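Asker: The residues making up each chain are set out below.
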Amino acid sequence: DAGVIQSPRHEVTEMGQEVTLRCKPISGHNSLFWYRQTMMRGLELLIYFNNNVPIDDSGMPEDRFSAKMPNASFSTLKIQPSEPRDSAVYFCASSPLSGEQFFGPGTRLTVL
Amino acid sequence: SQKIEQNSEALNIQEGKTATLTCNYTNYSPAYLQWYRQDPGRGPVFLLLIRENEKEKRKERLKVTFDTTLKQSLFHITASQPADSATYLCALDMDSSASKIIFGSGTRLSIRP
Numbered sequence: 001d002a003g004v005i006q007s008p009r010h011e012v013t014e015m016g017q018e019v020t021l022r023c024k025p026i027s028g029h030n031s032l033f034w035y036r037q038t039m040m041r042g043l044e045l046l047i048y049f050n051n052n053v054p055i056d057d058s059g060m061p062e063d064r065f066s067a068k069m070p071n072a073s074f075s076t077l078k079i080q081p082s083e084p085r086d087s088a089v090y091f092c093a094s095s096p097l098s099g100e101q102f103f104g105p106g107t108r109l110t111v112l
Numbered sequence: 001s002q003k004i005e006q007n008s009e010a011l012n013i014q015e016g017k018t019a020t021l022t023c024n025y026t027n028y029s030p031a032y033l034q035w036y037r038q039d040p041g042r043g044p045v046f047l048l049l050i051r052e053n054e055k056e057k058r059k060e061r062l063k064v065t066f067d068t069t070l071k072q073s074l075f076h077i078t079a080s081q082p083a084d085s086a087t088y089l090c091a092l093d094m095d096s097s098a099s100k101i102i103f104g105s106g107t108r109l110s111i112r113p
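So the protein lines, in turn, are chains A and B. Just so we're aligned: the first sequence equals residues 1 to 112 in this note's numbering. Just so we're aligned: the second sequence equals residues 1 to 113 in this note's numbering.
So here's chain A without its partners, still in its complex pose:
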């Protein structure tokens, strides 16, 4: 398996633009997680899905953030409109029932 795949790897956009981050989890994993990492705040959980269903989105900072998982092999995290304070590395991770998480390479987002 290729592991968790994320795209794009880098994204530079201007304030106010819509940003869509994509994730393909490891086949057979039943949970998917979106995290954001910054120097100041560390690794923060934004939202997670079990069997494609959103379970907890309490970490989503604002209504500008939304996430979907239309099927077991694909998820998106959308920011609309983006702001400079959204600049961070966004990680997607998937997990089997045993609990350990497998992270993707991340998307480095810069909002100017």
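Because the hints were derived from the structure by calculation, they are not lab data. Computed from a predicted model, the values in this text were never measured in an experiment. Do not take every clue at face value.
Unchecked claim - Simulated pairs of lysine to aspartate or glutamate, DMTMM-like, Cα-Cα distance not exceeding 25 Å: (1) B:Lys-100 / A:Glu-62; (2) B:Lys-59 / A:Glu-62; (3) B:Lys-3 / A:Glu-83.
Claimed, not checked - Computed footprint of chain B on chain A; a stretch qualifies when at least three of its residues, placed anywhere within it, have a C-beta under 8 Å from a C-beta of chain B: (4) 60-73; (5) 92-104.
All C-beta atoms, glycine included, are put in the ideal place defined by N, C-alpha and C.
Let chain A serve as the given structure and place chain B on it in line with the hints.
Answerer: Just chain B now, kept in the frame of chain A:
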């Protein structure tokens, strides 16, 4: 709410020595605790998971202990090597579902030759 504390300062160890990292938590006792390694520019990589009914777990040169009375986990790397230099994160589950976990801020470990 659950809080995790890890050594905020970097840990510098001489090659060949044992590195010991600490993870303390408050409040809710987790069903399990995990340790991850993160290298610059990369995502965290899972290392070990230890359950609440396990006192110790080993994997090659790695050893993790879990003391639910002290609310603490220790992560040991024996015979440390410069390649072990990285940031190490501990994580524990937030609720009984054990799906949602939170991460500590991590400890940066440097192994000098």
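Asker: Compare the structure with each hint and give your call.
Answerer: Hints, one by one, checked against the model:
no.	hint	result
1	B:Lys-100 / A:Glu-62	holds (20 Å)
2	B:Lys-59 / A:Glu-62	violated (41 Å)
3	B:Lys-3 / A:Glu-83	violated (28 Å)
4	60-73	violated (count 0)
5	92-104	holds (count 9)
Violated hints for the displayed structure, listed by number in ascending order: 2, 3, 4.
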